[in-house]
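K.L.:
Which chain is which? The protein sequence lines are L and Z, in order.
Going by this note's numbering, the first sequence opens with residue 13, and the numbers climb by one from there.
Going by this note's numbering, the second sequence opens with residue 8, and the numbers climb by one from there.
Each hint should be verified, as a subset may be incorrect.
Said to hold, decoys possible - Rough simulated footprint, nothing fancy, chain L against chain Z, three-plus residues with beta-carbon under 8 Å:
1. 55-62
2. 147-158
3. 411-420
What the hints assert, rightly or not - Straight line, CA to CA, 30 Å or less: simulated DSS-like cross-link-like pairs of lysine-lysine:
4. Z:451 <-> L:232
5. Z:271 <-> L:232
6. L:261 <-> Z:226
7. L:83 <-> Z:132
8. Z:448 <-> Z:271
9. Z:330 <-> L:110
10. L:231 <-> Z:451
11. L:100 <-> Z:330
12. Z:144 <-> L:85
13. Z:144 <-> L:16
14. Z:423 <-> L:228
15. Z:271 <-> Z:451
16. L:44 <-> Z:144
Keep in mind the hints are simulated off the structure, nothing from the lab.
Even for Gly, the Cβ is constructed at its ideal location relative to N, Cα and C.
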Amino acid sequence: MDTKEYPAIWLQAAGCTGCSVSLLNAINPSIKNLLVDEVLPGSHINLRFHATVMAGAGAPALEVMVDTSHKKKGGYILMVEGAIPTAKGGIHGVIGEKDGRPMTMQSWVETLAKDALAVVALGSCAAFGGIPAAHPNPTQCRSVGEVLQAKGISTPFVNIPGCAPHPDWFVGTVASILLSGLPKPEDLDEHRRPKAFYGQTIHENCPRRAYYDENKFAKKFGDPGCNYELGCRGPITHADCPVRLWNNKVNWCVGCGATCIGCTEPGFFDIAPLYEKTSEAALPEEV
Amino acid sequence: MGKIVIDPVTRIEGHFKVEAVVDGGKVKEAKCSGMLFRGLELIMRGRDPRDAQRIAQRVCGVCPTSHSTAATLNLDSAFGIADKIPDNGRIIRNLILGAAHIADHILHFYHLVALDYVDVARLAKYEGSNPALNSIKSFIGRGELGPFVPRYEGDYRLPDEANEQAVAHYVAAFDMRRKGQEMLALFGGKMPHNMGIMPGGVASVPTVDNMTSFLWRLKELQEFIDNTYLPDVLAVARVYSDYFEIGRGCGNLLVYGSYELDGKEADLTKRDRFFKPGTTSANLKFSEFDPARITEEVKYSWYADSISGRHPSQGDVVPDERKKGAYSWLKSPRYSGMVFEVGPLARIVVNYIGGNARVKSLVDSVLSQVNLKPQAMFSVMGRNLARALETKLIADAMVDWILQLKPGEPAYISYKLPEESAGMGLVDGARGALGHWIEIKEGKIANYQVITPSTWNISPRDDKNQPGPLEQAITGTKIKDEANPFEIVRIVRSFDPCLACSIHLLSPKGHDLGKFRVC
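Put together the whole structure using the sequences plus the hints.
P.N.:
In C-alpha cells:
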C-alpha cells in the first residue's frame, strides 16, 4: 500500500514550548511513531518544520517552510503553538528574515495559514491568547483565530487549548482529520474546541464531586474534600482531565491535591486570583 | 571577512539568532539576539502574590519546574514561612525538581544535541534487525526526510555501529524522558507545568503507592543513565575529542545551589543544599557565594543607562530603544562586575573544588576513563559531560530522598498573606542559577524580577565592554566550513539556551524594525 504523506509545519510563536514538550509525552502513538511511522495505516505526518526537533538551522530550515507552502499548496497542515504578537506590526516576535527584513510571527501565520489544508491552534496561547495576552497584554497578543479573521483567511481551523494541552487532544484531533476529514461544525463547541475532548466540565467528572454535593470543602491543601473554596475552576472548565488523566494516566491537577486553574478556557489567567473561590455567579446553572 | 548568520538557531528553547564575523577562518566577533518578547513582568504586576508562582512557571515549558521552584522559594521567603515547610513538602519539592532535571538533561543530549554528531540519514543502509532502526530505514526509504533533513553536512564522524546505536538510543530516550515526566506527575499532578509545588509546601500528602511508583520509575531511569546515557556521552566525547578544546567560555562559574537538605534555615544562602553554592574562576579556587554582588548592566541593551548596575531586588525596566550601540533586549547580569557562566559545568566544577565528596569521586573516576584533567571541562564536550554526570548524581540521591518521606503526614502549612513584604528565591535549575525577586505592596505584586540561567549565559556585552559567556565561547573559534558552521551550533547547544526564559521580562515599548536589526 502506498503511504500518503501529509506535510506539516509546526510554527512556534509567543509561547513557552510547553505544548511541544507535552506532545513528546504522547503514548500510543508515541512521539517516535508520530515522527517516523504511519500515524494511521497508509498515512504519515511529514513534520517538515519544528524548531525544537529539526536537524537543520538558519536559512535552509526556513526555506523548507516556504517551499512546503508553495509546492504543497492546499495540502499541508499548519500547527501553531503560542499567541501572535501584533503590537507595532508584530515586531515582538520574529523568526528569520526575508529580503533583509525581519519576518514576524504574524506574517508567517498569515502567509502559511492562507494555503494550508487546515490550521490547528495548539495550546491556550494559540487558541485564545493565553498567558502573553493576559492583562495588560503588553505585546497585543492575539489568538490564531483572531489573526485569521482580521485577514479574512477562511482556512478551516480548530482550537486545542490547554496549558499545556494533553497530547491525546492533539493526536486525536489530527487522527480524526486524517480518518474522516475536517471537523464538522457540530463536532466543535462555541470556542472551536472538539467536543470529543472538551464536551464536559471538569466538575462533572471529578472524583471529588461527591464532596461538593455534600458541602464538604477542603480548608487547606492536603485536606480531604472538594477544592472549590481553594479556588478550583473545575465547575467552569471544559476538558476531560479527570477521566483521561495525564502523563501515562498517573495523575492530574486535582489528583495531586491542587486545584484546576481553568487552563482550557479563554482568558484563564484573568479569571483571577487563582487561589480564591470562583464567584458563584460565574457558575453554570446545572452545577 | 565574512559573516555567518544563523536564524533561527533550532534545537534550543525559543527564538534565537547568532551572528558571527569570521576573519581568516576564525570567529572575530559574535553577537546573540533573542527574537521574542512576551512582557510577563508587566502581566504580574497588581496581581495576588500567590498567582506569581503559576504565572512564572509558564515562562518556560521546557524548564517550568525550575521556575515553579524559584517562584515558590521566593514566595515562601516573602510570606515568612521559608523555615516552616514540613519535611514532606521539602522532600517532595526536591523530587519534583530532580525528576524534571533528569528528564531535561536526557532530552537535551539525545534530542537537542545528538543530531549535531549522529547521522540519522546513514540508517538508509542499515542491515540489522532492530525494529526501531528498521522503521527509521523505511521512513528514509519513503523519501520525505523532515525533520532530519536539511542539516549541516560534512562532520558526522561516528563509526557505523556506534552511529546505529546512538540512533536507537535517540528513540529509546524519548521513552526515558517521558518516564521522568511521569515520575514528576505522581507528585506534581501533570507535566508540563506541574501543579503540586506551591507556597507552603506541596499540594499532596505522600502515599506509599506514589512513593513506590516513583521509586521504580527512578530505578529504570538510573539503569538508563548508568548504562546508556553516560556511556553514550563518553563515546561521542572520544570521537569528537577536539571539542574538549572548543568553546571554552569566560572561565568564571557561579552556582546558587539546589536541593534542600535542611528545612529549618530560612536564609537560602546558608541552607544546606545537595549542590553547594559558590563561585570559581580559571584558577579553580573556591569562593563563597554572596547574592548582594549580583547586578544587571545595560550599556549594550535597549535600556536607559540610569538603571545600570542595580541589584535585581531594585531592578527596573526603562526602555531606551534609540540607544546608540545597544544590540540586545537582554540585560547583562554580572557578579562582582565580572562575567560568569552558570549551569551544569558550574555546578560540577564548583562542587568538585568545593569539596563535595560525591561530586569529586564521580568526576575523578569518569575523567580518568577519558584521560582528562578537570580543566578540560571548560569546553563544549565538558558541558555535555557535566550534564550527564550531574544527572547520575541527582538520580542516585533521589533514591535516598524518596525513602525519607513519611506517608500520610502533612506536606503543606497554611500562612497569612502579608500586606508589605519582599522575597528572594534562588535555585539551580537544569540550566543553572535562577533567581526570582518579589516586592509586595498593599497585598499585591508591586514588582517581580527574574534573572534566568540563559540571561547569564547569553548576555550581551556589559558596561565594561566584556562580552557575555556564550559570545566569549564562540569568539576565536576556527570555522572549517562557513556554509556548515557546526562549531557554532555545537557551542551554542552546549549551553542549552532557553530563550523564552531570558527575554520574557523585558518591557517591549517603542522600538522599530531598524533598531531591532542592529545585531
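K.L.:
Next step is simple, just say for each hint if it's right about the structure.
P.N.:
The hints, checked one at a time:
Counting residues of the segment 55-62 of chain Z whose beta carbon lies closer than 8 Å to any beta carbon of chain L gives 5, which reaches the threshold of three, so the coverage claim holds. Coverage of the segment 147-158 of chain Z by chain L holds in this model, with 8 residues showing a Cβ closer than 8 Å to a Cβ of that chain against a need of three. For the segment 411-420 of chain Z, the stated coverage by chain L holds: 3 residues have a C-beta nearer than 8 Å to a C-beta of that chain, and at least 3 were required. Proximity of residue 451 (chain Z) to residue 232 (chain L) is assessed by CA-CA distance (about 21 Å); at most 30 Å being required, the pair is judged to hold.
With a C-alpha separation of about 22 Å, the suggested pairing of residue 271 (chain Z) with residue 232 (chain L) holds against the 30 Å cut-off. Taking the CA atoms of residue 261 (chain L) and residue 226 (chain Z), the gap is about 20 Å. The hint holds against a cut of 30 Å. Pair hint residue 83 (chain L) plus residue 132 (chain Z) holds up; C-alpha atoms about 29 Å apart against a cutoff of 30 Å. In summary, the hint linking residue 448 (chain Z) to residue 271 (chain Z) is supported, as the alpha carbons are separated by about 27 Å, within the 30 Å threshold.
Using a Cα cut-off of 30 Å, the hinted pair residue 330 (chain Z) and residue 110 (chain L) holds, with the two alpha carbons roughly 25 Å apart. For the given pair, residue 231 (chain L) sits about 23 Å from residue 451 (chain Z) by alpha-carbon distance, which is consistent with the 30 Å threshold. For the hint pairing residue 100 (chain L) with residue 330 (chain Z), the CA-to-CA distance comes to about 19 Å; that is within 30 Å, so the pair holds. With a C-alpha separation of about 28 Å, the suggested pairing of residue 144 (chain Z) with residue 85 (chain L) holds against the 30 Å cut-off.
For the given pair, residue 144 (chain Z) sits about 17 Å from residue 16 (chain L) by alpha-carbon distance, which is consistent with the 30 Å threshold. A C-alpha spacing of about 23 Å is found between residue 423 (chain Z) and residue 228 (chain L), which places the hinted pair at or below 30 Å, so the restraint holds. For the proposed pair residue 271 (chain Z) and residue 451 (chain Z), the alpha carbon gap of about 27 Å is at most 30 Å, so the pair holds. With a C-alpha separation of about 13 Å, the suggested pairing of residue 44 (chain L) with residue 144 (chain Z) holds against the 30 Å cut-off.
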